[in-house]
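Top line first, the protein sequences correspond to chains R and Y.
Per the working numbering: the first sequence = residues 1 to 307.
Per the working numbering: the second sequence = residues 1 to 288.
Just to be clear, a hint being listed does not mean it is correct.
[Stated by the list, open to error] Facing chain Y, according to a computed beta carbon distance under 8 Å, are these residues of chain R, among others:
{"hint": "1", "residue": "V106"}
{"hint": "2", "residue": "I139"}
{"hint": "3", "residue": "V145"}
{"hint": "4", "residue": "T244"}
{"hint": "5", "residue": "I247"}
[Stated by the list, open to error] One side of the interface only, derived from the structure: several residues of chain R facing chain Y at Cβ under 7 Å:
{"hint": "6", "residue": "A17"}
{"hint": "7", "residue": "A18"}
{"hint": "8", "residue": "A155"}
{"hint": "9", "residue": "L156"}
[Unchecked claim] With a straight-line Cα cutoff of 20 Å, these simulated SDA-like cross-link-like pairs (lysine to any residue) come out:
{"hint": "10", "chain 1": "Y", "residue 1": "K234", "chain 2": "Y", "residue 2": "F154"}
{"hint": "11", "chain 1": "R", "residue 1": "K157", "chain 2": "Y", "residue 2": "M190"}
{"hint": "12", "chain 1": "R", "residue 1": "K157", "chain 2": "Y", "residue 2": "F154"}
{"hint": "13", "chain 1": "R", "residue 1": "K157", "chain 2": "Y", "residue 2": "L259"}
{"hint": "14", "chain 1": "Y", "residue 1": "K234", "chain 2": "R", "residue 2": "L267"}
{"hint": "15", "chain 1": "R", "residue 1": "K157", "chain 2": "Y", "residue 2": "A249"}
{"hint": "16", "chain 1": "R", "residue 1": "K157", "chain 2": "Y", "residue 2": "A250"}
{"hint": "17", "chain 1": "Y", "residue 1": "K234", "chain 2": "Y", "residue 2": "A250"}
{"hint": "18", "chain 1": "Y", "residue 1": "K234", "chain 2": "R", "residue 2": "P31"}
{"hint": "19", "chain 1": "Y", "residue 1": "K178", "chain 2": "Y", "residue 2": "F159"}
{"hint": "20", "chain 1": "R", "residue 1": "K157", "chain 2": "Y", "residue 2": "R256"}
{"hint": "21", "chain 1": "R", "residue 1": "K157", "chain 2": "Y", "residue 2": "M251"}
{"hint": "22", "chain 1": "Y", "residue 1": "K234", "chain 2": "R", "residue 2": "D264"}
These aren't lab readings, by the way, just hints derived from the structure by calculation.
Just so it is clear, the structure is predicted and the values come from calculations on it, not from any experiment.
C-beta: ideal position from N, C-alpha, C; glycine also.
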Amino acid sequence: MLRFVGRRLWEGTLTLAALVTLTFFVMRLAPGGPFSKNRKISPEVLEHIKAAFHLDEPVWQQFARYVWGLLHFDFGPSTRFRDYSVGDLIASGLPYSLTIGFWAIVVAAMVGVALGIAGALRRNTPTDYVAGILGVVGIAVPIFVIGPLFQVVFALKLNWLPVGGSDQGWRSLVMPVLVLSLPNIAYISRLTRGSMIETMRENYVRTARAKGIGARRTLMKHTLKGALLPVIAYLGPSTAGIITGSILIETVFAVPGIGRHFVDAALNRDYPLVMGITLLYGALLIVFNILTDLVRGWLDPRARGNG
Amino acid sequence: MVDITPRSLSTFQLQLRRFAQNRLAMISVALLALIAASCFFGPFAFPFTGEDADFDFIGAPIDLASPHPFGTDDFGRDLLLRVLEGGRISLAIGFLGAITAGFIGVLYGAVAGYAGGRTDRLMMRMVEILYGFPYVILVILLSLLFGGGNVALFAAIVFTLWLTPAVIVRAQAQSLSKREFVEAARAGGMTPWQIVLEHIVPNCASVVIVYGSLLVPEVILSESFLSFLGIGIKEPQASWGNLIQTGTAAMDTDLRLLLLPGILLALVLFCLNFIADGLRDAFDPNDR
Chain R
1 MLRFVGRRLW
11 EGTLTLAALV
21 TLTFFVMRLA
31 PGGPFSKNRK
41 ISPEVLEHIK
51 AAFHLDEPVW
61 QQFARYVWGL
71 LHFDFGPSTR
81 FRDYSVGDLI
91 ASGLPYSLTI
101 GFWAIVVAAM
111 VGVALGIAGA
121 LRRNTPTDYV
131 AGILGVVGIA
141 VPIFVIGPLF
151 QVVFALKLNW
161 LPVGGSDQGW
171 RSLVMPVLVL
181 SLPNIAYISR
191 LTRGSMIETM
201 RENYVRTARA
211 KGIGARRTLM
221 KHTLKGALLP
231 VIAYLGPSTA
241 GIITGSILIE
251 TVFAVPGIGR
261 HFVDAALNRD
271 YPLVMGITLL
281 YGALLIVFNI
291 LTDLVRGWLD
301 PRARGNG
Chain Y
1 MVDITPRSLS
11 TFQLQLRRFA
21 QNRLAMISVA
31 LLALIAASCF
41 FGPFAFPFTG
51 EDADFDFIGA
61 PIDLASPHPF
71 GTDDFGRDLL
81 LRVLEGGRIS
91 LAIGFLGAIT
101 AGFIGVLYGA
111 VAGYAGGRTD
121 RLMMRMVEIL
131 YGFPYVILVI
141 LLSLLFGGGN
151 VALFAAIVFT
161 LWLTPAVIVR
171 AQAQSLSKRE
181 FVEAARAGGM
191 TPWQIVLEHI
201 VPNCASVVIV
211 YGSLLVPEVI
221 LSESFLSFLG
231 IGIKEPQASW
241 GNLIQTGTAA
251 MDTDLRLLLL
261 PGILLALVLF
271 CLNFIADGLR
281 DAFDPNDR
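All chains, please: the whole structure from these sequences, using the hints.
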């Protein structure tokens, strides 16, 4: 177990190292620079600015400087937001992104599993069809279409919720969380339904029923435990989807999170900010995948060891 | 005596027949064909292009009798025409991207799976590392690297989407490489490349069809997603992503700009998902 975590962490570190290297050089190779969009400034001033950010050094030297900084947990200064370090910007945006992402996963898991179970228990009834339709809609309609539609209906027409922003507490969280969880509700309900139907045919479930255990207890204690394994396995990789989604959600709902920061930074060639957020996303992805595997191993002895 | 043998059907024909019996999938194929045809040929029916501004009709509403049946945008450009032109780009990138990514993935996976040993470990290691990357970030960075534009967008999307087919085909190729007919081919003196191309790849066909069909909506979604963020296809060229973005900006006054491209994109994605489901039911023996 400890060895497993250690190995996965080591592999994760290698992945992160590759990610940092690739991102660094891709950013530098991309046309344009952090100051190419500025108002016209004299060449001497530009030289001074570049020197201040060490952009006048050879690329490999900049890379070495960056990696050295990373080893000291220093992500460098932002080239766009003067006087802010990348660490400050991430620290200011991360709480918004994490809150939305966390609740979106919670809502998706709860609603998705409930819908999946309902569909599996009442196969080919209206309940099943409604769950199925919701599943297809969630997968097929992109969140940047659903999001604006929600804004029109719930904010502009009905006036129930704010259009966007983050200044109204939980009220401004409702729509982003709901929209972000929709595709995942769809996937999870499909997954749960399929694996519930499969598990209900398993011998151990039949045995439990044959022993005289009630239907409800069999469902809670035996069927669900087996049926939820694929769902849990999906939660790790779904982090990647949540990251993608949160970039869109933050754009649509004007949330000052790191997803929006990332897009702006990439468009403005804010090298250090792009690097910092990339690294953070990569690390999140790796940690969640390891956690998922651990939970799976804990629930299912067959998944241990070969993970 | 006349020899009457029942016409034997190949597995592939059986699978196609099974697919044809799936009503939802067939409706989707028809609808998708209709949308694709109108996107590719529809624009020729207009006397103007999607980038021509008509100053007599600026922000015109839906009026079926006017020269602009679905109205115009703030610049007086015909909305219906722009949506069709956007669809042309989205669909073209979607299908070409899926085919290219599938092609690279299949070849990579087949070589890794057949070669086995150290080559396989090294090749799969690389895939694993790339898998560890946050996908969006990679697409965004790559489309920046290639300097924007359609080709850049295409390359960035393909570069990130060939991984899944590679992994799937590799697993298939690994089990195929131990089968008798491959051994026979080797004994018969075929070179490894010949074996990969003539025996491994064709035998992966059904897996590739199933997963390839899932790639198409994924590519289309990536394209529109990037264009929506302002990184992909840029104005004045239309794409569903940037049309939806424009529509979002004007949604409190004029929903039409959001709804028309949004509904069309959703319809296409619906169809593609139903087709992929149908193909999986028809081709994937594990799911029966």
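Structure-based check of all given hints:
Contact between V106 (chain R) and chain Y, as hinted, is not supported at the beta carbon level, the nearest pair being about 21 Å apart and thus beyond 8 Å. Taking 8 Å as the C-beta contact cut-off toward chain Y, the hint placing I139 (chain R) at the interface holds, the least distance being around 6 Å. Nearest Cβ of chain Y to the Cβ of V145 (chain R): about 4 Å, under the 8 Å cut. The hint holds. Evaluation of the T244 (chain R) hint against chain Y yields a held restraint, the C-beta minimum of about 4 Å falling below 8 Å.
Evaluation of the I247 (chain R) hint against chain Y yields a held restraint, the C-beta minimum of about 6 Å falling below 8 Å. Taking 7 Å as the C-beta cut-off, the interface hint given for A17 (chain R) is violated, the closest approach to chain Y being about 9 Å. Proximity of A18 (chain R) to chain Y holds as hinted, the smallest CB-CB distance being about 5 Å (cut-off 7 Å). About 9 Å separates the beta-carbon of A155 (chain R) from the nearest beta-carbon of chain Y, more than 7 Å, and the hint is not met.
Against a cut-off of 7 Å between C-beta atoms, the interface hint on L156 (chain R) holds, since the closest Cβ of chain Y lies about 5 Å away. Proposed proximity of K234 (chain Y) and F154 (chain Y) is supported: the alpha carbons are some 14 Å apart, at most 20 Å. A hinted pair counts as satisfied when its Cα atoms are at most 20 Å apart, and K157 (chain R) with M190 (chain Y) does not qualify at roughly 69 Å. Note on K157 (chain R) and F154 (chain Y): the hinted pairing is violated, with a Cα-Cα distance of about 38 Å set against a maximum of 20 Å.
With a CA separation close to 16 Å, the supplied pair K157 (chain R) and L259 (chain Y) stays within the 20 Å bound. The hinted pair formed by K234 (chain Y) and L267 (chain R) meets the criterion: a straight-line CA distance of about 13 Å does not exceed 20 Å. Only pairs whose Cα atoms come within 20 Å are accepted, and K157 (chain R) paired with A249 (chain Y) is accepted, the gap being roughly 16 Å. With a C-alpha separation of about 15 Å, the suggested pair K157 (chain R) and A250 (chain Y) falls inside the 20 Å cut-off, and the hint holds.
For the hint pairing K234 (chain Y) with A250 (chain Y), the CA-to-CA distance comes to about 18 Å; that is within 20 Å, so the pair holds. For the suggested pair K234 (chain Y) and P31 (chain R), the alpha carbons sit about 17 Å apart, so the restraint of at most 20 Å is met. Between K178 (chain Y) and F159 (chain Y) the CA atoms are separated by roughly 30 Å; this puts the pair beyond 20 Å, and the hint is violated. For the hint linking K157 (chain R) to R256 (chain Y), the alpha-carbon distance of about 15 Å falls within 20 Å, and the restraint holds.
Simply put, K157 (chain R) and M251 (chain Y) have alpha-carbon atoms about 11 Å apart, close enough for the 20 Å limit, and the pair holds. For a cut-off of 20 Å, the pair hint linking K234 (chain Y) to D264 (chain R) stands: about 16 Å separates their Cα positions.
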